[in-house]
Each structure stands twice: as C-alpha cells, then as structure tokens.
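Q: Residue-level listing of the chains:
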Amino acid sequence: MALLEVKDLKVHFPIHGGILGRVVGYVKAVDGVSFSIEPGQTIGLVGESGSGKSTIGKSILGLTHITAGTIRFDGKDITKSVRKNRSPYRKSVQMIFQDVYSSLNPRKRVLDIIAEPLRNFENLSKTEERKRVDELLSIVGMTPDNASKYPFEFSGGQRQRIGVARAIALKPRLIVCDEPVSALDLSVQAQVLNHLKDIQQELKMAYLFISHDLGVVKHMCEHLAIMHHARFVEYGTRKDIYENAAHIYTKRLIAAIPDIDPNKRKDNARNRAEINALYEKELPDYYRDGYGVYDLRPISDTHQVAML
Amino acid sequence: MWKTVVRRLLIAIPQLIGLSVMVFVLAQFMPGDALRGQLEPGMPPGEINRMREEAGLNDPWYVQYSRWVGNVLRGDLGRSLQHRVPVTKVIGDNMMNTVRLSIMTTILLYAIAIPLGIIAGRKHNRLPDKIIMFYIFIFFSIPTIVMGLLMIFIFAFHYGWFPAMNSVSVIAAFQGGWAEFWSRLHHLVLPSMTGAILGGTATIYYLRNQIIDVQSSDFVTTARSKGTPERRVYTRHILRNAILPIAGGMGASIAFVFTGSIFIETVFSINGMGQLFVNSVSGRDWPVANALIMFYAFVGVMAGLLADLTIMLVDPRIRIK
Amino acid sequence: MEKGGLGVVWKEIRNDKLALFGLFLFIGIVATVYFWGYYIIDETQAMRLSMFTMNQRPSPDFRLGTDPMGRCMIQQLVLAARNSLNISFVVTIGGASIGIFIGLFIGFYGGHVENVAMRLIAFWGMIPGLMLIILFRSIITFKTWLGFSGMIILVGGWLTMTGLVRVMTLQQGRLDYVAASKTLGTPNIVIMIREVLPNLVSIITSGLTLVLAGNMGLEIGLTFLGFGLPPGVPSLGQHLAYARSSGTMQQRPWQWLPAALLILILMLCINFVGQAINRAADARKRSV
Numbered sequence: 001m002a003l004l005e006v007k008d009l010k011v012h013f014p015i016h017g018g019i020l021g022r023v024v025g026y027v028k029a030v031d032g033v034s035f036s037i038e039p040g041q042t043i044g045l046v047g048e049s050g051s052g053k054s055t056i057g058k059s060i061l062g063l064t065h066i067t068a069g070t071i072r073f074d075g076k077d078i079t080k081s082v083r084k085n086r087s088p089y090r091k092s093v094q095m096i097f098q099d100v101y102s103s104l105n106p107r108k109r110v111l112d113i114i115a116e117p118l119r120n121f122e123n124l125s126k127t128e129e130r131k132r133v134d135e136l137l138s139i140v141g142m143t144p145d146n147a148s149k150y151p152f153e154f155s156g157g158q159r160q161r162i163g164v165a166r167a168i169a170l171k172p173r174l175i176v177c178d179e180p181v182s183a184l185d186l187s188v189q190a191q192v193l194n195h196l197k198d199i200q201q202e203l204k205m206a207y208l209f210i211s212h213d214l215g216v217v218k219h220m221c222e223h224l225a226i227m228h229h230a231r232f233v234e235y236g237t238r239k240d241i242y243e244n245a246a247h248i249y250t251k252r253l254i255a256a257i258p259d260i261d262p263n264k265r266k267d268n269a270r271n272r273a274e275i276n277a278l279y280e281k282e283l284p285d286y287y288r289d290g291y292g293v294y295d296l297r298p299i300s301d302t303h304q305v306a307m308l
Numbered sequence: 001m002w003k004t005v006v007r008r009l010l011i012a013i014p015q016l017i018g019l020s021v022m023v024f025v026l027a028q029f030m031p032g033d034a035l036r037g038q039l040e041p042g043m044p045p046g047e048i049n050r051m052r053e054e055a056g057l058n059d060p061w062y063v064q065y066s067r068w069v070g071n072v073l074r075g076d077l078g079r080s081l082q083h084r085v086p087v088t089k090v091i092g093d094n095m096m097n098t099v100r101l102s103i104m105t106t107i108l109l110y111a112i113a114i115p116l117g118i119i120a121g122r123k124h125n126r127l128p129d130k131i132i133m134f135y136i137f138i139f140f141s142i143p144t145i146v147m148g149l150l151m152i153f154i155f156a157f158h159y160g161w162f163p164a165m166n167s168v169s170v171i172a173a174f175q176g177g178w179a180e181f182w183s184r185l186h187h188l189v190l191p192s193m194t195g196a197i198l199g200g201t202a203t204i205y206y207l208r209n210q211i212i213d214v215q216s217s218d219f220v221t222t223a224r225s226k227g228t229p230e231r232r233v234y235t236r237h238i239l240r241n242a243i244l245p246i247a248g249g250m251g252a253s254i255a256f257v258f259t260g261s262i263f264i265e266t267v268f269s270i271n272g273m274g275q276l277f278v279n280s281v282s283g284r285d286w287p288v289a290n291a292l293i294m295f296y297a298f299v300g301v302m303a304g305l306l307a308d309l310t311i312m313l314v315d316p317r318i319r320i321k
Numbered sequence: 001m002e003k004g005g006l007g008v009v010w011k012e013i014r015n016d017k018l019a020l021f022g023l024f025l026f027i028g029i030v031a032t033v034y035f036w037g038y039y040i041i042d043e044t045q046a047m048r049l050s051m052f053t054m055n056q057r058p059s060p061d062f063r064l065g066t067d068p069m070g071r072c073m074i075q076q077l078v079l080a081a082r083n084s085l086n087i088s089f090v091v092t093i094g095g096a097s098i099g100i101f102i103g104l105f106i107g108f109y110g111g112h113v114e115n116v117a118m119r120l121i122a123f124w125g126m127i128p129g130l131m132l133i134i135l136f137r138s139i140i141t142f143k144t145w146l147g148f149s150g151m152i153i154l155v156g157g158w159l160t161m162t163g164l165v166r167v168m169t170l171q172q173g174r175l176d177y178v179a180a181s182k183t184l185g186t187p188n189i190v191i192m193i194r195e196v197l198p199n200l201v202s203i204i205t206s207g208l209t210l211v212l213a214g215n216m217g218l219e220i221g222l223t224f225l226g227f228g229l230p231p232g233v234p235s236l237g238q239h240l241a242y243a244r245s246s247g248t249m250q251q252r253p254w255q256w257l258p259a260a261l262l263i264l265i266l267m268l269c270i271n272f273v274g275q276a277i278n279r280a281a282d283a284r285k286r287s288v
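Chains as they are written, first to last, in our numbering: chain A, 1 to 308; chain B, 1 to 321; chain C, 1 to 288.
The following block holds chain A by itself, in its conformation from the complex (with noise of 0.2 Å):
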C-alpha cells in the first residue's frame, strides 16, 4: 500500500477585484495533480518557479487551503484533517523548508527547536530530551555543545543540518523537502544531501523532493514528476527522464542542464537551438491552447506524459 496518495489535487487562490472587492478570477497554482509515494520511496517535483511545486508540498503539511482532491495517508483520508496542528499524522510527515534564514526562530536556543516536536508528542524528561536531542545533532554531524547556542551563530549549511535535526526528531516516515539546498552555497549543498541520503537510509523514510535543479534530483531521485503549469507533464524513473524524455518541456529543462566540459560548448548550443525549434513546432502537441496541460498517459510500464 502507498505510504502517501495524492488524487486530484487542486489549489487555487481567489483574486479580488473591483470596487467592492468581490472575487474576479482564480490563480490556479496546482490544478489536478495525482501521485503516490511508496514507504522509503524518493520522489523528485522538479518545475520552473511558480510551476506549483511547492503549493503541492504545503498542501501536503496543511499550510495551504485545498479548494479540490483527496490526500491518502496509509490508506486513511487526511485531507480534511490535515490543517490541525495537533494530530499523529504530523508525527509521520515532516518538512525541510528552503529558506534557512527565517525557518530557525532566531530567539531560540538550538536545543528549543530540535525539541520542539518532542515536547509537542513526547513527555520527555529535561535529561531524556537532552539526550535526544544531542543524538539527533550528532546525526546531522553537530556536536552536543552546539545546542546552547542561538541560530545566528551558524552558517547556512549548519542551519540546514539544524533544520534536518528538527524533522527527523519524531522518526517521520515521510518529509517533504522543499528546495532544501537552493539557498546555499554549492560547496555545502552536496554535504547536506549526502547527510539526507544517510539518514533515509538509517530511518527508512520518503522523500518528496522539491527542486529546480536538475542536477542535485538527479543525484537524490530515483522517481521524478516534471510539473509545469500547474500540472505534471511528465511522470517516470529517473532513466526514462534523463535518458529517455517524452514531453518537449522535459527535454527543454535537459538540454539547459548546463555542461562543464568545453569542448561539447558547440554541440550543447546546437543541440538548444534545434529543441527550441522544436518547442515551437510541436507546441500545439504537447499544450491545448498553448497553455493547458493535457492529462497523463502511459508510455511504458514507469513512464506517463501529458501529450495527445
């Protein structure tokens, strides 16, 4: 059975207008998105900023409104319940937010937020709670002194460890990543993703991987969904994207994935112009109107595109 089951999932957010402020139009940030993640599973979004990637992780978590569709959890229907703070299902799916900045409260000792979720579902003793709380800094590689300080007094790639320290308190067995490397340096984004990787690996847990590079889901992914707007354009494994792209918006993002070796300058450029070309030619294929996305369908056994 699927750890998680999203059907149908439609966010959309009201635009006011005229004199008395009535309600004039919708912005549809997702718009009928379906997907499931199997327990340890990785699962990639990769899309274009306001693509509706990270509407669809919020929505997961309960921090955005759902105007339609259904969230399955282990086989029970969360989604009316989803937006409470207190319930067992925020034990089992956490979150890693982009933003490492303004995730950590900065008037909050690093022990207060790694203990955050063990006092809000653990009645922990002060020395059991500390105790768990350097066990779980010295999975993110942190040493124990390190709780009594403030997140100020850390760089960005330690905030995002502190960050990850955080989600995994409850042992979840899923977390939503959104974006968790994008604003940090490239030097430090490969550790904290190795950190990522050995820690699913010891707690068995999925991931669903919010990103817009395709470089660092392609290291983490083993399944990928390409979103665009608002919809999934592409759904496959990793092979069937990199190797074997079906949607010309899939093959776009490929063929920009820029390359380090000089000597292929030339080709890459060839190869962008003619997938360009293409883009314009076989548009009407792959969008109605130019702009809606056609539902998914089948290509082989892993592999569905929206085309006609």
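Since the hints were derived computationally from the structure, they do not count as laboratory data.
Mimicking DSS-like on lysine-lysine, the simulated pairs with C-alpha atoms at most 27 Å apart in a straight line are: (1) A/K149 / C/K11; (2) A/K239 / A/K204; (3) B/K130 / C/K17.
Because the structure is a prediction, the values reported are computed rather than measured.
We have chain A already, so just place chains B and C on it with the hints.
A: Just chains B and C, lined up with the frame of chain A:
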C-alpha cells in the same frame, strides 16, 4: 483612481452611519434634561410633560434617531438647547475661527518644516542637523497645552508682543476692513505658531529621513556620476522624491490641525468648533455636540481620502494600480 | 545578526548617553514621586484647606507657594504627579495588553478574521477619540482614577498597539519558522505567544514609550478641559488648569509653571529613551 475614491466613500458611509447611531445612543444617557433651559421654576408637571411630548423626547430612541437622520438629510441639524438657535447657525458662527486657525497653522507648519527638513537632510550628521534634531526632540515632547501656556506666558504676558486670547479685538471688529484683518492676524500668531511648531516636528523628521534615504539611492549616484550639477541633483532628483510623502501627509496634517484645535482653542480662548464642543458637552447641548462629532469624523474620512489621492496623483507607481 | 529582545534594547540605551540619562532621571523622578507621595505625605493632612494661606507666593514656609485653597504646592505637585503617572502607567499597560493580544490574533490568523477586525478597527479609528472620551466622561462620573483609566483604555487606549503588533505579526507569520512550528505540531496559541511574541519585544517596547507619552498628554489634556479626574483630585492637568484664569497665569506662576516644567522633563525623558529603543527595534538603524 475613481474606483478607489468610490470604494473608500462606500466604506465610509456605513461607518458614518454606525458612528451616528452610537453617538445618538450615547447622548440618550447624558445626564440632565434637554429641556431644562426652557423650564421655569414652579411649572406644573403636566405642563413639563406636554413640552417633552411636543419636543418628541418621550419617543423611543430609534424614532428620535430616524427623525434626526431625516432632518440631517434635509440640512436641519436641530436646535441648540443652550443657544436656542439652529445648530447649523451655532456651528457656522464658530467654524470660521477654526478654519482661519487651521489654514494659518498649516501654512506656518510647512513654512517651518520644509526648509528645516531639507537643511537637516542635506547637512546630515553635521551641526545644523544636530541642532534641528534637538529642536524636533524638544517640541515633539511638549504637550499642546503646556506649549500654549508657555507661549502665552512668555510672548503675551512677559513681552506683551501678542494678545493672549480671543480671535479679534472688539474695536477692530467694530471698525472692520483692514483694521479687523490685522487684528485677526495678530491674534492668530500665537495659537497658529503653537500648532505649527508642534505639528511640524513629524514632517521635519520625515523629510529629513527621506532626503537621507534618497541621497544614497542608486539613481542619485547615477545622476552625480554623469555630471549633473549639484543644484540640479537636489532640485530634480532628491527633492522631488523626498517631498512625495510630505504631499501625502498633507491630508493627515490638516486633520491633525483640525482636531488639535480643541486644545489650542481652549488655551487661547478662541471661539472655534473645538471650544464649542467642549462647551456644548459641559452644557449638555447634545444636538451641537452630536453634529460636531459627526462633522469631525467626516473631516477625518475626507482627509484620509485626500491623503491617498494626493499620493496617487504625485506618485506614478501608485497611479498605475 | 537578527535579535529582537530586551538585550538589544538595553545595549542601545547604554550606548546613548542622553537615553541613559533620560532613563535614570525618569526612574529617579518616578521613584521619588511614589515614595514621597505614598509614604511621606499624609494625604488627608495635605489636602486640608487653609483659609489663611491662600495663594501665597514662594517663601521659606512654602518653597513653591500655596494653591488657591492654601495648600502647600510642593505636596500638591507630588500628589498630582503621582496620580498622573498612575493613570499613564495603567492606561499604557492595560491598553498595550489588550492591543498586543488583539494584534497578535488578527495578524496571525489573517484572512476573514483580519478583514472583519480591520473594518471594525478602521471604524473605531475614524471616531475622533478625544471627543468620544469627552462624551463618555460627561455621561459617566468616575469616583476613582482607576475607572477613568479603564474608560480611556476601552475607548482608544488599545488602538495604537493593536495596529503595530498586527503589522509585525503579519510579517513574522509569513516566515518559515511559523510554518515549521505548525508542522511540528505546536498549537497556534502557543506559536503566537512562544514563537512570534518574543520576536516583537523590541518593537513593542518602542511602541510602549510612544504610547506612554501619548497617554500622559491625554490625561493632562482631558483634566485641563475639565473632563479628566474629578475636581478634588490633584493631577498635573489640574495644575495646568489653574492657568486658564489669566490672573493666575500672570500673577501666580508658581501654581502652574512647576507642573508644566515637570511634564516637559518627564516627556523629554520618555522620548530620549524611546529614541534609543526605536533604534534597537529597527535593525538598519542599530548602532551596536
């Protein structure tokens, strides 16, 4: 832009209605009988009751309220219980003094605040700025009443340069013409200076900070680097941008001057609307007090609207919306 | 880096000589006035009228002269300052508590709650507060200064802080640490008080000084107009009201001028401190 105006007015209407109900209901709780001025000792109770009935004072409050609203819409604000004349006339008699005071204060306020603000901004962190900041500090801290009393004590009594109270001397009012004009101006100096000096501190401070902010912005650096003369940098680039919010604050500052007039008028014994309000509340003259509160609220709404409109007119970025 | 607590506030004050001086002077005056007013002066004795010593100018017997009822001006001034400070403090603390609570609540929940609340507050804010207080005051007579303070709090004392806290909560609420707390299972009310509120401390203290000065001015103004404390109760506004008669103003300045100067000094102290706290609250202007 008209959309904004209409929306703001539409929002203001229920607010004004709500306020009128509230004020009206409050007035019902005011101690003292509205008729007491007309009663004579020894009147039989039946007679009093007849008079109450006639004046509609025995009706339930909502009947009285709807009658009052109907009259207001026809321009009839009722009769003052103290002065026994229509409320409109009482207010009209007092209004001009407040208007004169407000205009004079506003003129002085900007005449003081704009140059000081500019100087402080240009000489940021140097002596003139420090002096002006100190000035702001002192006058920001003084309550209107204390300031007014000190002004009278020093300039009216000690030096005798200006009259301490009233808005015109009796003789000059009788003479009319220029004599009256000069006398009024002479009487206005102290109260309007009090208001202008106190009310101007916020404007000076704001203008100064604006200029400091704008001075360090990129487009000013660009203007300087392409060789624009310093004078021009100031007039065309810095001032134009720094003065914007001041224009926006104009509405608010007029409203401030208007409402602040309660204290100034009382201290300087000027027969304006503020003093009228105080006197009518003390005298339980609720038709006048009611009308004044509504009037002030209306002025407040209008000033807010005016402030937004001026900003929209002068700031192209907001105009687009 | 980002810190919003009392530590920064204190550092700013310590680094600003004027603010430090203002703070100590203010505390000194307040302590003196309370100690003198509550423990040294026998209030019934001090308030007793004396026909023989009416309106005396300052002399070795009465260093600041006597008031129109023949009472020692120094004692009157201390009692007046004590009462005025009482009102200012109570109105400030009461209004701020209500304002912080409402501001946190509507700023945190946003959406419809905020829309409705903002309409109501805009409505309330449109009302000329001073006039409304005057109107209320003329309807209800207050026997004690506490009731009078309560009325001021309810009529308008909470507005400033509500607005301030609402905006700041709105800003903080968009930050990820609030979202994180939600996903970690912390109840909303706890997030508001334990997570958001500590980040507003320096803004709130900066607002408090402004509100304190405003409330002091309000008491003075209302009493001066005759709508403040009952006539028998000494207050700084009542002393200023002596100057409404031009005879007193000109010939007996000892009856009102000391109060005027005391008000001036207190206000200056509050604003000196407020200026420093203001810098602490605004990270860009901070000097430490």
